[in-house]
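Asks: Start from chain X and add chain C according to the hints.
Given next are the chains, with one letter for each unit.
Protein chains: 2
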Amino acid sequence: MTDFPQDYETFDLGDFSLQHGATLRGAQLAYKTFGELNPDKSNVIVCPTWYSGRHWDNEWMIGEGMALDPGKYFIVVPDMLGNGVSSSPSNTPPPYDRARFPHVTFYDQVEAQYRLLTERYGIKRLALVTGWSMGAAQTYQWAVSHPDMVERAAPFCGASKTSIHNFVFLEGVKAAITADAAFKDGWYDEQPEKGLRAAARVYSGWGFSQAFFWDKVFLEPWDSPRLRATLQFSSLEDFLVAYWEGHFLGGGPIFHERDANDLLTMLWTWQHGDIGATPGFDGDHIAALSSIKARLIAMPGEKDLYFPPEDEEYASQFIEKGEVRRIPSVWGHFAGIGDNPVDSNFIDDVLKELLAGEGGLG
Amino acid sequence: MTDFPQDYETFDLGDFSLQHGATLRGAQLAYKTFGELNPDKSNVIVCPTWYSGRHWDNEWMIGEGMALDPGKYFIVVPDMLGNGVSSSPSNTPPPYDRARFPHVTFYDQVEAQYRLLTERYGIKRLALVTGWSMGAAQTYQWAVSHPDMVERAAPFCGASKTSIHNFVFLEGVKAAITADAAFKDGWYDEQPEKGLRAAARVYSGWGFSQAFFWDKVFLEPWDSPRLRATLQFSSLEDFLVAYWEGHFLGGGPIFHERDANDLLTMLWTWQHGDIGATPGFDGDHIAALSSIKARLIAMPGEKDLYFPPEDEEYASQFIEKGEVRRIPSVWGHFAGIGDNPVDSNFIDDVLKELLAGEGGLG
Chain X
48 MTDFPQDYET
58 FDLGDFSLQH
68 GATLRGAQLA
78 YKTFGELNPD
88 KSNVIVCPTW
98 YSGRHWDNEW
108 MIGEGMALDP
118 GKYFIVVPDM
128 LGNGVSSSPS
138 NTPPPYDRAR
148 FPHVTFYDQV
158 EAQYRLLTER
168 YGIKRLALVT
178 GWSMGAAQTY
188 QWAVSHPDMV
198 ERAAPFCGAS
208 KTSIHNFVFL
218 EGVKAAITAD
228 AAFKDGWYDE
238 QPEKGLRAAA
248 RVYSGWGFSQ
258 AFFWDKVFLE
268 PWDSPRLRAT
278 LQFSSLEDFL
288 VAYWEGHFLG
298 GGPIFHERDA
308 NDLLTMLWTW
318 QHGDIGATPG
328 FDGDHIAALS
338 SIKARLIAMP
348 GEKDLYFPPE
358 DEEYASQFIE
368 KGEVRRIPSV
378 WGHFAGIGDN
388 PVDSNFIDDV
398 LKELLAGEGG
408 LG
Chain C
48 MTDFPQDYET
58 FDLGDFSLQH
68 GATLRGAQLA
78 YKTFGELNPD
88 KSNVIVCPTW
98 YSGRHWDNEW
108 MIGEGMALDP
118 GKYFIVVPDM
128 LGNGVSSSPS
138 NTPPPYDRAR
148 FPHVTFYDQV
158 EAQYRLLTER
168 YGIKRLALVT
178 GWSMGAAQTY
188 QWAVSHPDMV
198 ERAAPFCGAS
208 KTSIHNFVFL
218 EGVKAAITAD
228 AAFKDGWYDE
238 QPEKGLRAAA
248 RVYSGWGFSQ
258 AFFWDKVFLE
268 PWDSPRLRAT
278 LQFSSLEDFL
288 VAYWEGHFLG
298 GGPIFHERDA
308 NDLLTMLWTW
318 QHGDIGATPG
328 FDGDHIAALS
338 SIKARLIAMP
348 GEKDLYFPPE
358 DEEYASQFIE
368 KGEVRRIPSV
378 WGHFAGIGDN
388 PVDSNFIDDV
398 LKELLAGEGG
408 LG
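Just so you know, the sequences run in chain order X and C. Sequential numbering of the first sequence, starting at 48, is according to my numbering. Sequential numbering of the second sequence, starting at 48, is according to my numbering.
Hints in this document: simulated from the structure, not taken from any laboratory. A portion of the hints provided could be inaccurate.
Which copy is meant is left open, because identical chains are indistinguishable; a pair holds if it fits in one copy or across any two.
[Claimed, not checked] With a straight-line cut-off of 25 Å between C-alpha atoms, the simulated PhoX-like cross-links for lysine-lysine are: (1) Lys231 x Lys241; (2) Lys171 x Lys399; (3) Lys263 x Lys208; (4) Lys221 x Lys231; (5) Lys171 x Lys368; (6) Lys263 x Lys221; (7) Lys221 x Lys241; (8) Lys399 x Lys119; (9) Lys119 x Lys88; (10) Lys171 x Lys119; (11) Lys208 x Lys221; (12) Lys88 x Lys399.
All of these numbers come straight from a predicted model, not from anything done at the bench.
Only chain X is shown next, with the shape it has when bound in the complex (with noise of 0.2 Å):
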């Protein structure tokens, strides 16, 4: 991977085992920091990356008078494991490289952060954990992996269980990569095209509302705070092939290079998503969500397809401190992508809010 910005460092986690029982050994986390730690360590923000997403997709959430104010906050950016930027089929050396990746959970994916924020920083103490989707999902996962640390988390367009119906919608963007021949099995020397876009089609239906096509807000120009960019698309198909193709297949100054097998990585970690399975709680999910001791606001998509608001209420009544809001949006799962300004200022106003008020941890 040669077109990605090196604007970020790196932490070496050694010989890092796995829950599902590999070692990456010699496994690297990649990761940004935004602002000064404070000297008692007690301003430490950490935002992890979504599916496909990379720290650089994270930075539209922090700025000057924003929640996230690298002026006020020490944010910590860290790439999950099988992004392309941390430790990835694509980047691995044998044998565990390409189709042998091992499968990594959020369990692992805050283990290895968790080492990072505490060996490099001796920090203690976390004043909020924030995350979209897969994001999301990990900031469950230090809530409730390490309760003593988080005093607030806010996770949107989320879940702390991935759902039966999410995992079969991922079933169909996994079988659309892995139905073209040039996939290989993940032992291909040229990235799988064909099974890239098809891919991007499946997800295409998926990541907005019903609304958002019935109003055709993809024909408006979009001021995206996270490309930092105007974006317009000129007809549905344009929109089909500039951005949902653009971003599975990468390349181009705007989404950077995909591999197939990092994706696949990736959908892996997500569809198996349960803070149950983190031990100690013996898959009880309901038991892994009331150990949670952080002020925890929860802001699903109104009209996410995948991740409906109904399972974050669900899930919210277990939460001691728990809360939800909804983003009133046609955006969809995509309200929390940052390429909208008026869902990602709903998102800003409630971390600000949640960051105002006290924490979980007394």
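Replies: Quick look at chain C alone, frame taken from chain X:
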């Protein structure tokens, strides 16, 4: 195709010219009838087929004591062009065979059925047209193409115009089939099995609602009126293979053979559904809705993911004698397939009520 029940008749359409310009020479319309045409030909019901459906898939709606009672009505179930029984890519001789099979619109479908009913039977009035999904689209098309012929119409889980979101969902299904190199641009000798299985996975997230999976309805035994069998799945994966891949691959005692080009032909018809494209309306969907004289009850599924009830409620306001009844079900789009007795009874009850009341033609 050799594994079909041979329980149907055919009507020779001769040289059948299609809306998009091609002529199918020697086109065949397959159909099955139930009951007897009464002397004044006032007891006719038409029940068109759905995406991938064949006439036998509609038989669950027909029976003694049901709305579609063959003791009272003459019920005609026409097989959609493209469905593998009527003229289709899989059964049409060169040069319009396979990948070269032409585009067929809902207008074309209804013209073929109109010719059958008028030329073979001399029918001038229809007591009712009703159908699920693409059958609903044909129901709307009947009411627009032949407004003085249709007394009552009951489209369920469908629309008079395919929404943009629905079009996008179908793009994913199409991309999955065609991503398989074995598809060979439609010139395959063997079915692109991997692509069909991938399409099944893609579709499996859409057919039912999120709540259907949340409630694990797929693990309950289903007494399917359509399949005249109790279906029981042992796990999620069993449901995805036995029900979904079984459906798309076809073969076996339940689903019968499938063909990829047939599926893509029907998909094109569906994607381009719009009663506004009826000659004389110049693309004006609202004007076409306003021209409907039939008493029409639309039955969208409460949680249908690709034909959301809001769309039908919008359309209904332009239909003089139009009304909407939501099917209160977690089965989503598949509330209307006939695999769930509760939803099937709901539909039957509304059809009974509609048939008991006055038609729209006075």
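Asks: Taking the hints in turn, state whether each one holds.
Replies: Okay, the hints, checked on the actual structure:
1. Both within a single protomer and between protomers do Lys231 and Lys241 lie at most 25 Å apart by alpha-carbon distance, with minima of 13 Å and 13 Å respectively.
2. Taking CA atoms no more than 25 Å apart as the test, Lys171 paired with Lys399 passes inside one copy only; the shortest distance there is 22 Å, against 68 Å between copies.
3. Proximity of Lys263 and Lys208 under a CA criterion of 25 Å is satisfied inter-copy only: 15 Å between copies versus 32 Å inside one chain copy.
4. Taking the closest pair of Cα atoms, Lys221 and Lys231 come within 25 Å of each other both inside a single copy (14 Å) and across two copies (21 Å).
5. In this assembly of identical chains, the alpha carbons of Lys171 and Lys368 lie at most 25 Å apart only when taken from the same copy (21 Å versus 68 Å across copies).
6. In the homo-oligomer, the alpha carbons of Lys263 and Lys221 lie at most 25 Å apart only across protomers (22 Å), although the nearest pairing inside one protomer, at 28 Å, exceeds that limit.
7. Within a single copy, Lys221 and Lys241 get their C-alpha atoms as close as 13 Å, and across copies as close as 12 Å, so both meet the 25 Å cut-off.
8. Taking the closest pair of Cα atoms, Lys399 and Lys119 come within 25 Å of each other only inside a single copy of the chain (12 Å); across copies the shortest separation is 68 Å, beyond that limit.
9. For a Cα distance limit of 25 Å, the shortest separation of Lys119 from Lys88 inside one copy, 12 Å, qualifies, whereas the shortest one across copies, 81 Å, does not.
10. Taking the closest pair of Cα atoms, Lys171 and Lys119 come within 25 Å of each other only inside a single copy of the chain (18 Å); across copies the shortest separation is 78 Å, beyond that limit.
11. When the C-alpha separation of Lys208 and Lys221 is checked against a cutoff of 25 Å, the pair qualifies only within one copy, where the shortest distance is 19 Å, while the shortest distance between copies is 30 Å.
12. In this homomeric assembly, Lys88 and Lys399 come within 25 Å of each other (Cα to Cα) only inside a single copy, at 19 Å, whereas the closest approach across copies is 71 Å.
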